[in-house]
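Peer 1: All chains should be built: construct the whole structure from the sequences, respecting the hints.
There are 2 protein chains.
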Amino acid sequence: MTPESRAAEFDAADPLSRYRERFNLPEGVIYLDGNSLGALPKATPAAVQRVVEHEWGEGLIRSWNSAGWFEASGRVGAKIAPLIGAAPHEVIACDSTSINLFKLIAAALQMRPGRTVVLSEPGNFPTDLYMIAGLEVQGLAERRLVESERLEEALDEGVALLLLTHVHYKTGAMHDMAALTRAAHEAGALVLWDLSHTVGALPVDLNRAEADFAVGCGYKYLCGGPGAPAFAYVAERHHAGLAQPLTGWFGHAAPFAFSDDYAGAPGIERLLCGTAPVLGLAALEVGVELIAEIGVERLFGKSQALSEFFLECLMAHDVKLELVSPPRSDDRGSQLSFRHANAYEICQALIARGVIGDFRDPDVLRLGFAPAYLSFADMAVAARHLAEVLTSGEWQRPEFSLRAAVT
Amino acid sequence: MTPESRAAEFDAADPLSRYRERFNLPEGVIYLDGNSLGALPKATPAAVQRVVEHEWGEGLIRSWNSAGWFEASGRVGAKIAPLIGAAPHEVIACDSTSINLFKLIAAALQMRPGRTVVLSEPGNFPTDLYMIAGLEVQGLAERRLVESERLEEALDEGVALLLLTHVHYKTGAMHDMAALTRAAHEAGALVLWDLSHTVGALPVDLNRAEADFAVGCGYKYLCGGPGAPAFAYVAERHHAGLAQPLTGWFGHAAPFAFSDDYAGAPGIERLLCGTAPVLGLAALEVGVELIAEIGVERLFGKSQALSEFFLECLMAHDVKLELVSPPRSDDRGSQLSFRHANAYEICQALIARGVIGDFRDPDVLRLGFAPAYLSFADMAVAARHLAEVLTSGEWQRPEFSLRAAVT
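So the sequence lines, in the order shown, correspond to chains A and B.
The first sequence: position 154 = 154 (the numbering used here), numbered continuously.
The second sequence: position 375 = 1375 (the numbering used here), numbered continuously.
None of these hints come from the bench; they were simulated from the model.
Where is the CB? At the ideal position from N, CA and C, for every residue including glycine.
One or more of the hints may lead you astray.
If we take Cβ atoms under 8 angstroms as the criterion, some of the chain A residues that face chain B in the derived model are [claimed, not checked]:
no.	residue
1	39
2	49
3	61
4	122
5	131
6	134
7	135
8	245
9	246
10	262
11	277
12	283
13	342
What the simulated footprint calls covered on chain A by chain B, stretch by stretch (three residues with Cβ under 8 angstroms from a Cβ of chain B suffice, anywhere in the stretch; the number is not a length) [to be verified]:
no.	segment
14	250 to 258
15	388 to 394
Partial selection, computed: residues in chain B whose CB lies under 7 angstroms from chain A [as the list claims (entries may be wrong)]:
no.	residue
16	1045
17	1046
18	1122
Peer 2: Here's what the structure looks like:
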C-alpha cells in the first residue's frame, strides 16, 4: 500500500475530516504552519464585516453597550477556558502574549516579597525571556535560566516564579505541567505557563494541575488572525490579592467614574489595561468557537495520528532526517521538527512546491500539524515532497538560499 | 435668518463638505461623539476584508513579508507623523494608549536617574494617572498631581517627567505645549504629551515645541475603529538611549534570531512589544490616510467654525447652559462641554432624538465636533434639539435616568 492509499483510508475514517471545509485553505497549498498563524475560518470574514459595517458603522459609540463590546474580553476568555481546564471567570482575552507575561510576572513577584528570581529555561520562546528581562532592567526581577532537566533542583528559596512554555516552540517538547507545578509550589514559588503552542491543539488542565497563572496566543491553533489578542489565566484563589502594574482604565472597578485613583476590578478584569481591541476580538471569537466545537481531546487524538502517520510516510520514502522533537507523540505538541544544516533552503524548496512549513534559526525545519483542518492525504503528499526535495537536491538552487525577513 | 438657513450658506461655502460622503453616517443620526469613537470611513470595510480574506486567508504566514505586515506599525506611524509635527521615523502605531504611556513614563524615569516624580494634573484622563500609579506601585515613580495653573512652580528638581493631555478630555481646554515643554526642560524634566483629543482635529508641532515623548489614540479623530491601535512618538534625539521595560520580541533588533537575550531595535521599533495587531492596523491606516488627505490645518479651521456656529445657534434659541470649555476657540479642542445637574438625562433625551453626544461624570454634557464629516446643518439641527429638550423638560421622563454602562 502506498502512503497515499493508506491516507485515503484514514481520512475516510476520520470523524474530524468534515471540519476541513469550515476553513479557507488556498488551492495548491499544504499548510504546515498553523502553529505560527492558524488558517482562516470561513465564518470569520462575515463576523468581522458585521462588526465593522453594522456595529461600528451604524451603531457607533452605542455598540459598546448594545453590541457587547464591553464584555468581549471576558466573553472570549470564558470560551477559551474549557480548552485549558479553567473556569470561565478565570480567563480573559486582551493585549499580546508579551504584555500579559509582563503583568503576571510582575504580579507573581509582588506576591512573593523577598524573592526576586524568575526561573526559566534557555531557549524558551524569546519573548518570555525578554519580558523577564524587562522587569530585571527595572530592578525588580532576577532572571535565572537553567536547562530543563535541572529545573527542579534550581527551585530554591529565592525563586518567586517558574515561567515555562508548556510545548516548546522549536522542538515541540512538552513539559509535565502537574509535576513541575507541584515542585514549584513545594519550593514556595508560583508557576506561569505559556500555552501558546498548546491551546487549541492539545488538552491541558490548569486547575487540576493547580497552576497559578497562564498566558497564550490567539493566532496559532485558535485561528484568531494575524496579531490576534492573546489571553491570560489567573487561578481564582489569586484574584483577590492580584496586583499588576499595567493598571489602565479598562481594568478599573468603575472606569466611567473617571476617578483620579486606580481601584482594580474585583475579578479577572483587573488584568485589562487599555481599550479593548474590538476587531481583533471579533475574529478571535470565531476561531475559538470553532475549535471548542470540534473539541480539544479529539483534536489532540488526530494531531497524534497525523504526526505518527507523517513519520511513517517519511520511512516509506526512506527519508533519514534527525528528529528534534520527542519521538513519542505523548511527549510532544502538534508538530515535528527536524535538524538539518540546510533547513532554511529545504524549507524554501518546500514552499516553492506549495508545502508551507517554517524554519527556526539556525538549523530547524518545523512542521506543524493543525488537526482542525489538515488531512492524512496532506501528510502523504507533504512527506513525498520532502523526500523529493532531499533526494533531488533541488534545495541547493541558489534562489532558495536568499534570506528575506523570516517568520 | 434662521440658524438652518445660515447653516446652508456655510455648508455651500465649506471646502471640506465633500469629505462627508467618504464616511458612513447612519440615517437619522447627528453624531457628536467622534471624539469618543470616530465614524467609519467608507473605504475601511473593503480594506479590512482584503486583509482577512486575501492576505490572511490566501497568503497565510507568507503575508508577514509579502503583504507588508511586518512594516505596518512603522508605516502607519509614519503616516500619523505629519499630523503632529513629527518626522516619519519618530512615530509608531502599536498597543493601546495606556500601554504606550507605561513604556514612555518608564523610559523617562530611566533617563532621569535620581528623580522619581511624575507630574500631572488632577482630572487628567484617568488612564494617564493610573499608568503613573502602576509604576508607583512598582516603587519606581512618585505621582504628583497639581492644578493646571500651578504646574510650572511644581517643576522642582525631583520631577523626572511632566505628563499632560494636550486637550482635556472633559473640558476641551488646551495646554500651551511649547511653553510647558520649555518650562519642564528648564527644570531638567522631560515631557510626555497625550494627544488623544488632539490628533486628527487640530495641529500640533511636537518637534518645534521640542517635545520628548507623545502618545495618542487611534479610534477618535483618526477614525481607526473601536479599540484601534494607539501610537507613540519619541524625539529622534532620544532614540539611542531609550530603554523601556516592555521588551517584547517585536522590539528586538533581530526578532527571528531567537536569541535568549534582548537587544532593542535601533530606532522607534524599540517601542514594539508583542506581535502586531494586523487587523486593527489595517483599519487604522485607512482612517489616518483619509484624515491626512483632508489636512489637519483645514480640519482645525472647520472645527473652530463649527463650534462657534453651534454656540451662535444656542444663543438664537436663547439656551442658557454653563459652558465648561474655554470660550475662545483658540484655547480649546474640537468639542464643547456644558455643565448641568441633569447632564446625564439631557444626554439620553438627545440620543433618543438621534443626537449622539456623551455624558462625563458627574455633570458634563460633552459634544464633539469631528470636522471631517460634520456639517453646519448638523450644528443647527443639534442645537435646536438641545433647545427643545431643555424647554420641553422631556429629559425628566423616567426612562432617561436609567443608567446603563456608559461610555
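Peer 1: Given residue 135 of chain A as an interface hint, is its Cβ closer than 8 angstroms to any Cβ of chain B?
Peer 2: holds (7 angstroms)
Peer 1: Does residue 131 of chain A meet its interface restraint, that is, does its C-beta lie within less than 8 angstroms of any C-beta in chain B?
Peer 2: holds (7 angstroms)
Peer 1: Using a Cβ cutoff of 8 angstroms, are there at least 3 residues of the segment 388 to 394 of chain A near chain B, or does the coverage claim fail?
Peer 2: That given contact is violated, which follows from only 0 residues of the segment 388 to 394 of chain A lying within Cβ reach (below 8 angstroms) of chain B.
Peer 1: When the nearest CB of chain B is found for residue 49 of chain A, is that gap smaller than 8 angstroms?
Peer 2: holds (6 angstroms)
Peer 1: Holds or violated: the hint that residue 39 of chain A contacts chain B, with Cβ atoms closer than 8 angstroms.
Peer 2: Holds, because the Cβ-Cβ distance from residue 39 of chain A to chain B comes to roughly 7 angstroms (cut-off 8 angstroms).
Peer 1: Less than 8 angstroms between beta-carbons is the criterion; does residue 122 of chain A satisfy it with respect to chain B?
Peer 2: Interface hint status for residue 122 of chain A: holds (5 angstroms vs cutoff 8 angstroms).
Peer 1: Report holds or violated for the interface hint on residue 1122 of chain B, using the least CB-CB distance to chain A and a cut-off of 7 angstroms.
Peer 2: Since chain A brings a Cβ to about 5 angstroms from residue 1122 of chain B, closer than 7 angstroms, the hint holds.
Peer 1: Is the interface hint for residue 1045 of chain B satisfied, with its Cβ closer than 7 angstroms to some Cβ of chain A?
Peer 2: With Cβ-Cβ at 5 angstroms, under 7 angstroms, it holds.
Peer 1: Taking 8 angstroms as the limit, does the beta-carbon of residue 262 of chain A come near enough to a beta-carbon in chain B?
Peer 2: holds (4 angstroms)
Peer 1: The hint names residue 342 of chain A as touching chain B; please verify it with the least Cβ-Cβ distance against 8 angstroms.
Peer 2: Constraint on residue 342 of chain A not satisfied, violated at 17 angstroms.
Peer 1: Using 8 angstroms as the Cβ threshold, decide whether residue 283 of chain A counts as touching chain B.
Peer 2: Hint on residue 283 of chain A: holds, closest Cβ of chain B at ~6 angstroms, below 8 angstroms.
Peer 1: Have a go at the residue 245 of chain A hint: is there a Cβ in chain B nearer than 8 angstroms to its own Cβ?
Peer 2: holds (4 angstroms)
Of the numbered hints given earlier, the model fails hints 13, 15 and 17; all others are met.
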